[in-house]
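A.B. asks: Based on the provided sequences and hints, a complete structural model is requested.
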Amino acid sequence: MEKRMAAAVQAISMDVAEAPDRAEALRIAEALLFAAREPLSVEELRSRMPEGIAVETVLAELGEQYASRGVNLVQVGGKWTFRTAEDLAYLLARDVVEPRKLSRAAMETLAIIAYHQPVTRAEIEEIRGVATSKGTLDTLLETGWVRLRGRRRVPGRPVTYGTTPLFLEHFGLETIDALPGLEELKGAGFLEGRIPPGLSVPTPSDEATLREDEDPLEEDLFEPLIGEADRAGAPVDYAQEQDGGE
Amino acid sequence: MEKRMAAAVQAISMDVAEAPDRAEALRIAEALLFAAREPLSVEELRSRMPEGIAVETVLAELGEQYASRGVNLVQVGGKWTFRTAEDLAYLLARDVVEPRKLSRAAMETLAIIAYHQPVTRAEIEEIRGVATSKGTLDTLLETGWVRLRGRRRVPGRPVTYGTTPLFLEHFGLETIDALPGLEELKGAGFLEGRIPPGLSVPTPSDEATLREDEDPLEEDLFEPLIGEADRAGAPVDYAQEQDGGE
Amino acid sequence: MAAQLPFEDVALAERAEGDPTLHVDVDGFEGPLDLLLELARRQKVDLHRISILALAEQYLAFIEEARRLRLELAADYLVMAAWLAYLKSRLLLPDPPKGDQPSAADLATALAFRLRRLEAIREAAKRLAERPQLGRDVFARGAPEPVEIRKQLRWEATLYDLLSAYARQRQKQLNTRIVMPKRHVWSLVEAREALERLVGLAQDWTVLDSYLTRYMAEPEQRPTVLASALSATLELVKEGKLAVRQERAFAPIWVKSEISRTSDMAEA
Chain P
1 MEKRMAAAVQ
11 AISMDVAEAP
21 DRAEALRIAE
31 ALLFAAREPL
41 SVEELRSRMP
51 EGIAVETVLA
61 ELGEQYASRG
71 VNLVQVGGKW
81 TFRTAEDLAY
91 LLARDVVEPR
101 KLSRAAMETL
111 AIIAYHQPVT
121 RAEIEEIRGV
131 ATSKGTLDTL
141 LETGWVRLRG
151 RRRVPGRPVT
161 YGTTPLFLEH
171 FGLETIDALP
181 GLEELKGAGF
191 LEGRIPPGLS
201 VPTPSDEATL
211 REDEDPLEED
221 LFEPLIGEAD
231 RAGAPVDYAQ
241 EQDGGE
Chain B
1 MEKRMAAAVQ
11 AISMDVAEAP
21 DRAEALRIAE
31 ALLFAAREPL
41 SVEELRSRMP
51 EGIAVETVLA
61 ELGEQYASRG
71 VNLVQVGGKW
81 TFRTAEDLAY
91 LLARDVVEPR
101 KLSRAAMETL
111 AIIAYHQPVT
121 RAEIEEIRGV
131 ATSKGTLDTL
141 LETGWVRLRG
151 RRRVPGRPVT
161 YGTTPLFLEH
171 FGLETIDALP
181 GLEELKGAGF
191 LEGRIPPGLS
201 VPTPSDEATL
211 REDEDPLEED
221 LFEPLIGEAD
231 RAGAPVDYAQ
241 EQDGGE
Chain Z
1 MAAQLPFEDV
11 ALAERAEGDP
21 TLHVDVDGFE
31 GPLDLLLELA
41 RRQKVDLHRI
51 SILALAEQYL
61 AFIEEARRLR
71 LELAADYLVM
81 AAWLAYLKSR
91 LLLPDPPKGD
101 QPSAADLATA
111 LAFRLRRLEA
121 IREAAKRLAE
131 RPQLGRDVFA
141 RGAPEPVEIR
151 KQLRWEATLY
161 DLLSAYARQR
171 QKQLNTRIVM
181 PKRHVWSLVE
191 AREALERLVG
201 LAQDWTVLDS
211 YLTRYMAEPE
221 QRPTVLASAL
231 SATLELVKEG
241 KLAVRQERAF
251 APIWVKSEIS
261 RTSDMAEA
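Protein chains in written order, with our numbering: chain P, 1 to 246; chain B, 1 to 246; chain Z, 1 to 268.
Note that these hints are calculated values from the structure, not bench results. Note that beta-carbon positions come from the ideal geometry of N, C-alpha and C, so glycine has one too. One thing to keep in mind: the hints can contain errors.
What the hints assert, rightly or not - In the BS3-like style, the derived pairs of lysine-lysine whose C-alpha atoms are separated by at most 27 Å in a straight line are: (1) Z:K256 to Z:K241; (2) Z:K172 to P:K134; (3) P:K186 to P:K134; (4) B:K101 to B:K134; (5) P:K134 to Z:K151; (6) Z:K256 to Z:K238; (7) Z:K126 to P:K101; (8) P:K101 to P:K134; (9) B:K101 to Z:K126; (10) P:K186 to Z:K172; (11) Z:K126 to B:K134; (12) Z:K172 to P:K101.
Stated by the list, open to error - Here chain B is said to cover these stretches of chain Z; the calculated rule only asks that three of the stretch's residues, wherever they fall, bring their Cβ under 8 Å from a Cβ of chain B: (13) 117-125; (14) 144-151; (15) 237-244.
C.D. replies: Quick look at the structure:
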């Protein structure tokens, strides 16, 4: 009985003696982990802490203390480090919106795609009277306003381009038919002179369904523009088109 | 009576509603300060925290929570940051790759610049009673703790030196007024004598704005110390000062 | 003075406490003021109550010793020695009646002030150096988590841009289609037919223009009618059907049927 009492007393006194030590051990582990350039292993921590400290216990306690805070103690690759709490990760990223203007070439190409869709690259080039660089089409695809529709059912099976719903949204058009015709353009002062009776705008279609002369894109068309670029290789003089802004 | 009741109820419910917000504000401030590479100003913190948060209150509370820990929230150069506790230096110093120790001459010159800023080289030399080598000033400029402020509006237009925010950060000073022994030096009149009488109180100023008797540095002052060295050329013997330790 | 020795090592050793005779080691001092401060400290009194006279004597003795050992002294040590010798003499002699020069006591006070100031700033430097320094005593987060800047492109284009870009290209096509307005030309054939009728009528000299008036109902027709008529006239003259007369340049052109004349002749 007496022995058990003695044991209990000893346990209590050890607890009392240990308390400040444990608090200090927590402080040391905290500082070491904070200042470390890389996550620390239990062994590394042990080697740098006062002897006789149960590092695992200290880490467990520290982890608990930080669990609900803005910074958590986490284990990565078996080593320990402080990291921003996951739900606050958004604090570590900032979105910077960078306004960018479409180049004149891109704007013209976009306009032709909008009015003449579905339209092939060759047709765009015919209207513009100048070769269309790959960069211009890439840029337009990047804006999300232009998409690859399908392939025209003619020799060479060229890709057809069209606009997206995002295009209508960006330019505030209810439907693609809301694009003004030539007479309207003239009325609005965009065009000058007499419009000959033969000259008119085709009816554009941005319908999801393909036209009769369009085939669906192949499923393996992961990099459609590479094929396009190959095709466009020889006969055109790219130097004449400036897409500087992109 | 009823009105008072209602007010009390409202006060309680506001307290309840505010509690989670404040806890969240603490977490956010904690995460931001932990993650940042450099100390953050109250304004920087405010701009990245939910609106309507009293950032100063949050910082005070956070500082209290961390006061007894291994990592403390401190104010340096008017900004806030976490630092390992001073008393744990003995454990962490093991990491340190022999820090560059300033020579006695450099440390003394740094102190004169800090306490007497804005100060000219001639004034530094007057206090030390010895010529200041170009090497000493170069070393100090290299540390990033000292900068060229402007030119004193006196004949010869000597360059004035002052300290940087990095100086405050390195020595853990809240502001330049926290320099140790500043009051004693001021009280003994040791900081006087360089300022034209009646111009201002002899207090060091590391403000970005120049004093009344300072002109801005010329834009072509790319190699300011060359000019300085020329000026100091003749009468002093540089060999007598050794900055060997750097 | 070719010293390459850092201050701390040599100077402290040379100036060990209780050393009665000061070693002549100028290298250890950072100039005459530093030397004076060290000598003042040896008086073991508060710098406020220091004897400048005693200090001056010690300094001069030090310099004397250095010269005896033929040590090369920097000029400023000698300048200071000369000044202290002067100060010493001033301190020993009664002040001259009030002049422009400051009194010896003022000079001594100023020197004492400089020494106290140097000592104070050295103390401040020491206290500054003792502060917990970043990277030596206190540490920042070893692995800060940088804020990632995510750039988002926002393409800017207005409907106006779109429409003008389209119109610009259609305009090009409009411009390349040249539509010439149909011009009315009075052909040579027409002119000749008209003039052949005239042959029958112009029995006497007739002004060509007045005959052609009916064909020039519209003013823009005038050039073509005149040109063709003239050509046809000359053709008919060549064929002997018409006679032409003009009195001077730009004068009206007269025509007359040749047929009637020949018939006249025949009649005659």
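A.B. asks: Evaluate each hint against the coordinates.
C.D. replies: Results of checking the hints against the structure:
For a cut-off of 27 Å, the pair hint linking K256 of chain Z to K241 of chain Z stands: about 9 Å separates their Cα positions. A C-alpha spacing of about 24 Å is found between K172 of chain Z and K134 of chain P, which places the hinted pair at or below 27 Å, so the restraint holds. Simply put, K186 of chain P and K134 of chain P have alpha-carbon atoms about 32 Å apart, too far for the 27 Å limit, and the pair is violated. With a C-alpha separation of about 18 Å, the suggested pairing of K101 of chain B with K134 of chain B holds against the 27 Å cut-off.
Pair hint K134 of chain P plus K151 of chain Z holds up; C-alpha atoms about 23 Å apart against a cutoff of 27 Å. Distance restraint check for K256 of chain Z and K238 of chain Z: the Cα-Cα separation of roughly 14 Å lies within the 27 Å cut-off, and the hinted pair is therefore satisfied. Between K126 of chain Z and K101 of chain P the CA atoms are separated by roughly 59 Å; this puts the pair beyond 27 Å, and the hint is violated. With a C-alpha separation of about 18 Å, the suggested pairing of K101 of chain P with K134 of chain P holds against the 27 Å cut-off.
For the hint pairing K101 of chain B with K126 of chain Z, the CA-to-CA distance comes to about 13 Å; that is within 27 Å, so the pair holds. As the CA atoms of K186 of chain P and K172 of chain Z are separated by approximately 14 Å, the hinted pair is consistent with the 27 Å bound. Taking the CA atoms of K126 of chain Z and K134 of chain B, the gap is near 22 Å; set against the 27 Å cutoff, the hint holds. For the proposed pair K172 of chain Z and K101 of chain P, the alpha carbon gap of about 24 Å is at most 27 Å, so the pair holds.
Counting residues of the region 117-125 of chain Z whose CB lies closer than 8 Å to any CB of chain B gives 8, which reaches the minimum of 3, so the coverage claim holds. Under a criterion of three residues with beta carbons nearer than 8 Å to beta carbons of chain B, the stated coverage of the region 144-151 of chain Z is upheld, 4 such residues being counted. Here the region 237-244 of chain Z counts 0 residues with a CB under 8 Å from a CB of chain B, which misses the bar of 3, and the coverage is violated.
This entry does not satisfy hints 3, 7, 15, going by the numbered hints stated previously.
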